[in-house]
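**Student:** Listed below are the residues making up each chain.
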Amino acid sequence: MTTPSNIDLSFDRNAALIGMRQTIPLVIPGVPFGFVLGLIVQEEGLPKLAGWSSSWLIFAGSSQLAALNLLADGASAAVIIVSVFLINSRHAMYSAAMRDRFAPLPLWFRLVGPYFLIDQSFAVAETSPDLVDPTPRFRMWHFLGAGAAVWSMWQISVAAGVLIGNVVREEWALNFAVPILFLGLMVFSIKNKPGAVAAVVGAVVALVGRELPQGSGLLLAIILGMAAGGIAEAQLSRRSS
Amino acid sequence: MRIWLIIAGAGIVTYLTRASFIVLGDRVTLPPIAERSLSYVAPAAFAAISVPLILGGDGFAGFNEDVPRILAATAAGAVVWKTRNIPLSLLAGMCTLWSLTWLL
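Which chain is which? The protein sequence lines are A and B, in order. Just so you know, the working numbering puts 234 at position 234 of the first sequence, and the rest follows in order with no gaps. Counting from 1 along the second sequence, just add 1000 to a position and that's the residue number in the working numbering.
Here chain A stands alone, though its shape is the one from the complex (with noise of 0.2 Å):
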């Protein structure tokens, strides 16, 4: 797709304030997360550089704290990788559902952009911009301040869960955010009666599914869940027309 050169796309420092506005609240319970994943890096004692390196270059919570417990216990390269595409396979499904949004955009942010691509930014580019401004001059820079907003906590914090994460005591329960961080995401993308089907269905099939190996189970959750969804948006209409 091409871009046409005549769209005004210069910075837009509102945009990216309200990117970033809107996604801090969304980052606070990944705070806790990010330093108990330092921690186990810590504990498990890999080397501290390398075992921090995966959060710029993996740049996903739950895949990292799976990579580095497969790599604690000395899986080979091949279970490790497939291991992280299989959790972070739902990633292709938000690229999806982007795919339209950023199509006006150039090449450029459509090569950067996906890197920011996490379950925040992509909770909050879904909706907002749709909202406020729809242009894709705002789109872009707001996913930008979201992206970055997201993207320097999860440095910070898993930084110091490596360097300082044995203050932390594990009666605390501070893995206890991260369902909540994930509940809240839940509930904010509700909008009408298929989001809720789709979030029974994802919920029930992630339940029955969670025995499958390297969170296949997960994905299947969300393959179902989101059928599940626009099969009854597609009968709701139906019944109303």
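Some residues of chain A that are not near chain B, with every Cβ distance over 12 Å (derived): (1) Ser10; (2) Glu43; (3) Asp133.
Part of the chain A face toward chain B, derived, beta carbon under 7 Å: (4) Ile28; (5) Phe182; (6) Ala221.
Since the hints were derived computationally from the structure, they do not count as laboratory data. Virtual Cβ for every residue (Gly too), placed ideally from N, Cα, C.
For this one, chain A is given, so just place chain B on it according to the hints.
**Tutor:** Relative to the frame of chain A, chain B by itself:
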């Protein structure tokens, strides 16, 4: 060196996953039902991640561990539903979890 290569490989695979549809653009077409379903990726994914973690991420751990988690998640869910404020729901959830763990 091996660990760096593995992490970098995992990173490249992750980036390609995220870039896939955005970079390929309209060179890939999806069937209409799949296009329609894409509006529901977010609720399906976020529910599929959170619910198993709440109901005992590593298998059912037993009454004393599961019940505080479920009640804490209910409190957090109620707060985020009412206030749309994730840090506040984190506070509600963690305080509920800590007090119940201490009580039980």
